[in-house]
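K.L.:
Protein sequence lines, in the order shown, are assigned to chains L and H.
Adding 1395 to a residue's 1-based position in the first sequence gives its number in the working numbering.
Adding 60 to a residue's 1-based position in the second sequence gives its number in the working numbering.
Hints are computed from structural coordinates only; laboratory data are not their basis.
The structure presented is a predicted model; accordingly, all values stated were derived computationally and were not measured.
By construction, the Cβ of each residue, glycine as well, lies at the ideal position given by its N, Cα and C atoms.
Just so you know, not all the hints are guaranteed correct.
To be verified - Some chain H residues judged to face chain L by a derived CB distance under 7 angstroms, without partners named:
# : residue
1 : 121
2 : 162
3 : 194
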Amino acid sequence: MQPFRYIRAQNVEHAATLLQQQDGRARILAGGTDLIVALREHRIEADLVIDIKGVPEVDELAFDAHNGLRLGAAVPCHRIYRHADVLRYYPGIIDAASLIGGIQIQGRASLGGNLCNASPAADSIPALIVHSAVCDIALPQTRRRVAVEEFCTAPGKTVLGRGEFLASLHLPPPPPGFGAAYLRFIPRNEMDIAVVGVGASVQLDADRRHIVAARIALGAVAPTPLLVHEAGATLVGAVADDAAFARAAEIAQAAARPITDMRGTAEYRRHLVGVLTRRALAKAVARASK
Amino acid sequence: MKSKVIVATTINGEDAEFLCEPRQSLLEVLRDNLGLTGAKEGCNNGNCGACNVLLDGVLVNACLVLGVEAEGRTIETVEGLAAGGQLHPLQQKFLEHAALQCGICTPGFLLAAKALLDQNPDPTEAEVRHWLAGNLCRCTGYDKIVRAVLDAADAG
């Protein structure tokens, strides 16, 4: 591997200052499951690696009913899916964190890193989108917030400017009658990259029969993960049944812009968007009805 | 040349200090600097699990950890499994079930299986297969490995 210096950042400002001083020659290290491979394969060059895992905000995983979930950008998957509040309130996040890589990847990989890697097929991004997650982006003196659905701009590209890094993610508390799910299709049982991934969330009314709000997000069918507003909007006021799910699925299929590659043809992907959207909605509704 | 860093850590229950370059992975440090060659380099990109070690009790790929990240942490490798001249129950069951052929993947499987049984002492076969999905074996077809882990759980 190319030589570089390594610094453990003390706090967010320290990390942001180091990043800015290096003028594009520094990289942020969280779980390292993407970065270390990229450095080794010379796909990324760096003079400085800034380890942010010791920064309190970046390592924080905390829930309260008023503010929701504060998810530090470097918190690894295994902590997320063992957290009682995440298990109870953020089922779509549990689905995604449980199927990224194998157990040994989940011991290190973070959702913040999965997001910054900006793969169109990233499992956590549709799940974060349907849970309405917002990114807290740090500069040395300031912060800015960006919705997760607006964070990725192209494969491997994000809205992060020079000197900026993702410090944490914030997920609002789920309203009453909320449920969510993330499903992906792979030809194996484990350890594969999504051919298609679909996240869905719903909010049901007090009788648990009608849908008050819904979000549907697609992975691996466009250059970035897609929030399909219209698919969610068509469900508002509808009875939560198969006919409604099918209507939303058709809209999601029309919004998908899949390509043909080694994992599947465009036609196959579009078919999968329909199947997975219907199933993810049914699962989200089942969870919301509990 | 970038300067080396002193790292103080605990490996298999003993204090250890080593000097490494920031670019060296924990796997390189264990094998090349410390002579602990139990963890194997398979793919060197996080896909095969042959380099699995426990870092503060959490299963990780040592090829995807920097040596400098081990500062102040606790590391367990396959060399630490046997105690007092006795094989660890998992090692014993791997022998009894012939759950290895070439042996390159075995240290990783043992550490992964230990991590599983530490938190789930009585897993189902499906749970064992799911947990071990990140460890690749090109010889055995996995069945004997799964049986050895289930048998070790029964014996434990």
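K.L.:
Work down the list of hints and note, for each, if the structure agrees.
P.N.:
Against the structure, the hints:
Because the closest C-beta pair between residue 121 of chain H and chain L is about 5 angstroms apart, less than 7 angstroms, the hint holds. Checking residue 162 of chain H against chain L by beta carbon gives a least distance of about 20 angstroms; that is not within 7 angstroms, so the hint is violated. Interface hint at residue 194 of chain H: satisfied, since its Cβ lies 2 angstroms from the closest Cβ of chain L, which is below the 7 angstroms cut-off.
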